[in-house]
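First to last, the sequence lines map onto chains H, V, A and F. Numbered per the numbering used here, the first sequence spans residues 1 to 203. Numbered per the numbering used here, the second sequence spans residues 1 to 203. Numbered per the numbering used here, the third sequence spans residues 1 to 203. Numbered per the numbering used here, the fourth sequence spans residues 1 to 203.
Treat the hints with care, as some may be off.
Because identical chains share one entry, a pair is satisfied inside a single copy or across any pair of copies.
In silico DMTMM-like pairs for lysine to aspartate or glutamate, Cα to Cα no more than 25 angstroms straight-line [stated by the list, open to error]:
| # | residue 1 | residue 2 |
| --- | --- | --- |
| 1 | K164 | E50 |
| 2 | K164 | E113 |
| 3 | K164 | D20 |
| 4 | K35 | D83 |
| 5 | K35 | E13 |
| 6 | K164 | E38 |
| 7 | K164 | E40 |
| 8 | K164 | E47 |
| 9 | K164 | D83 |
| 10 | K35 | D156 |
| 11 | K35 | E50 |
| 12 | K35 | E113 |
| 13 | K35 | E47 |
What the hints contain is simulated information worked out from the structure, not anything from laboratory work.
4 protein chains.
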Amino acid sequence: MNTAEETGGTSPERLSAFSDGVIAIAITLLILEIKVPEAEHGQLGHELGELWPSYIAFAVSFLTIGIMWVNHHNLSRRLVAVDHGLLYLNLALLGAISFIPFPTAVIAEYLREGGSNERSAALLYSIAMIMVSAAFTSLWWHIARRPHLIQAAQRDAVRTHARKASLGIPVYVAVAALSLVSATGALIAFGVIAVAYALNRSE
Amino acid sequence: MNTAEETGGTSPERLSAFSDGVIAIAITLLILEIKVPEAEHGQLGHELGELWPSYIAFAVSFLTIGIMWVNHHNLSRRLVAVDHGLLYLNLALLGAISFIPFPTAVIAEYLREGGSNERSAALLYSIAMIMVSAAFTSLWWHIARRPHLIQAAQRDAVRTHARKASLGIPVYVAVAALSLVSATGALIAFGVIAVAYALNRSE
Amino acid sequence: MNTAEETGGTSPERLSAFSDGVIAIAITLLILEIKVPEAEHGQLGHELGELWPSYIAFAVSFLTIGIMWVNHHNLSRRLVAVDHGLLYLNLALLGAISFIPFPTAVIAEYLREGGSNERSAALLYSIAMIMVSAAFTSLWWHIARRPHLIQAAQRDAVRTHARKASLGIPVYVAVAALSLVSATGALIAFGVIAVAYALNRSE
Amino acid sequence: MNTAEETGGTSPERLSAFSDGVIAIAITLLILEIKVPEAEHGQLGHELGELWPSYIAFAVSFLTIGIMWVNHHNLSRRLVAVDHGLLYLNLALLGAISFIPFPTAVIAEYLREGGSNERSAALLYSIAMIMVSAAFTSLWWHIARRPHLIQAAQRDAVRTHARKASLGIPVYVAVAALSLVSATGALIAFGVIAVAYALNRSE
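Chain H extracted, bound-state conformation (with noise of 0.2 angstroms):
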């Protein structure tokens, strides 16, 4: 049994394919999480002013589903084989993906509260990007440990991504303890975090 046979014959190409299917898809559901909001009369451009947490939030998740897409393909082309392990982690880290249309409305419609409410959704939202990491670290270290699913040439860049990828969890941790202090501050180092990722030319 190799390890086509074991994955019902899922190449790299289709998993990739596929994977680039449901981000593409979790990225552009997030405007649905955007409401139109219900203004007396002359109220509409005040109230449209009052959204800017939405606004916030869709760019945040937006750039960091993106940059999922660029990391998930950085992974994908250095495989050569996928196993029964890859293809359930990969699952998995795409539930985490299309999770994130959720806490981003959550963060959304609470972030102008305040109190605990405030810092409950900022909690969340920062449980979903640990879990997005989480996931994603795993499969990197999956193929570092496997040789046999990635080109020869790549398993030293592999063990250096997997090593990167394992400092993303402490830094989104630590943005999870500063939600419980400031909701605010936390979606902006979101953002922050994203931007810096995305300014940052690394190969």
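Here the structure of chain H is known, so what remains is to put chains V, A and F in place on it, guided by the hints.
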């Protein structure tokens, strides 16, 4: 009139790509069924906890559709041609899969409620699972009985798969019966079946 | 200026892939129009049964869009080039197809109500079907009259298809007239037409 | 470090496929913003007619996104490589496109209302159009200034396209100004611009 003409020229590759698209969308739409809870001041954390049936239903449906994606590819990669019946049986399978977000939302809404509503929701969910299983089993038997649709080397494997797929239906019917006694039990049973399936490496 | 330049270089393959994407999404979004019913204690089973118009409308629209997918491929596989008019006629067809979830939701909501609301809903649904049929027929005639867009061996077949597609419009107009008498009858007629089409093996 | 490494190995083909996916989803989600109207007995026909702003907004946004699809391919087919900046400018463009369903829903809701709410809605819609146009123009200039990203034979054509794209911004800003006077006028102007663009055959 050859097979390609009969089906408007649908190739196995195109059937597979369209099916992948529908499955990727159905799996990602699941999150839309989890609605942002309304919370009194200081109650959001509690309300988010109360949504546990939504999280479980999301996870079970996500894993089930994810496994259907793996299974569908396991079938379609053995095809060399697509006939008329296969095209419409596949459409029935996609219809059953894309129906899943509705019973998922129903069971998430009513799982906490107890009484007959809870059991009605679990029964609807079970029926959806049985429809998916029946459509998928029909697809396997359709190609098992039409050797010209599959690679010659795959005939024995396809018959084995068709027989295995048939076993899923009585299992799902048994869980449907369980749903009349315990809705939560039925949902957990579907989750256990999916995890067991995912852990079981079979070619 | 050749044809590829004129259309920004859109190839038949890319036209087909984008159309497949839109069709796959439209067919999967149909389920979002079935809303979780509100049920008193012990009434969920009854309320789920009351949703029968939603289930029928879902099934009819799903099958209709599914057939459009088969038909669209039947057309696009005969192309060797895409011109400007084809590009925008195709966009009109995709617009009509992606509009279908709205009349599907309207007819599901009002089918039980009786009176003129029911007939208005069925008329809207009929208009949507006529728009899809008219756009698709226009596509066939567009390529039938421009032999440089299609494979030489396909010219006769394309003219035959264009003539056959034209027949769909009066049938749909007749069902639209029927919708003024019986909304349920009209919806069933659309279902029967779709099933008859699916069962009829034509190249 | 070559360009492919710098961007995680994203090829023009993959950039194009992911963008197509997001655009196909955004264009199909537009329909979800048209809600089933509540109607008294015998009033559904009237209520469906009252939704005319929704139909117009759907049509204008659908055509605008459809044209963006054609344009995006017109750009991406000239690429030979993808660099870091292109990747994130493209993500910004996709963010702007996937934002469109929200202002479309807002203008559909408030277009009949008159007064300043109507103008606020039209202004929001105009801002969304300006963002799309600005992101797309930035993409053209980005590649026009980096000849290593494009085919040698395409350099002059790309500069011409970048200059033409720049002209779209003042046109959209002018319509934004018009939206402060007449919201319906602004929406119609966007429709006219889109139709004029679609009818104008340019390579």
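*asked:* Are any of the numbered hints broken by this structure? If so, which, sorted upward?
replied: 1, 2, 4, 5, 6, 7, 8 and 10
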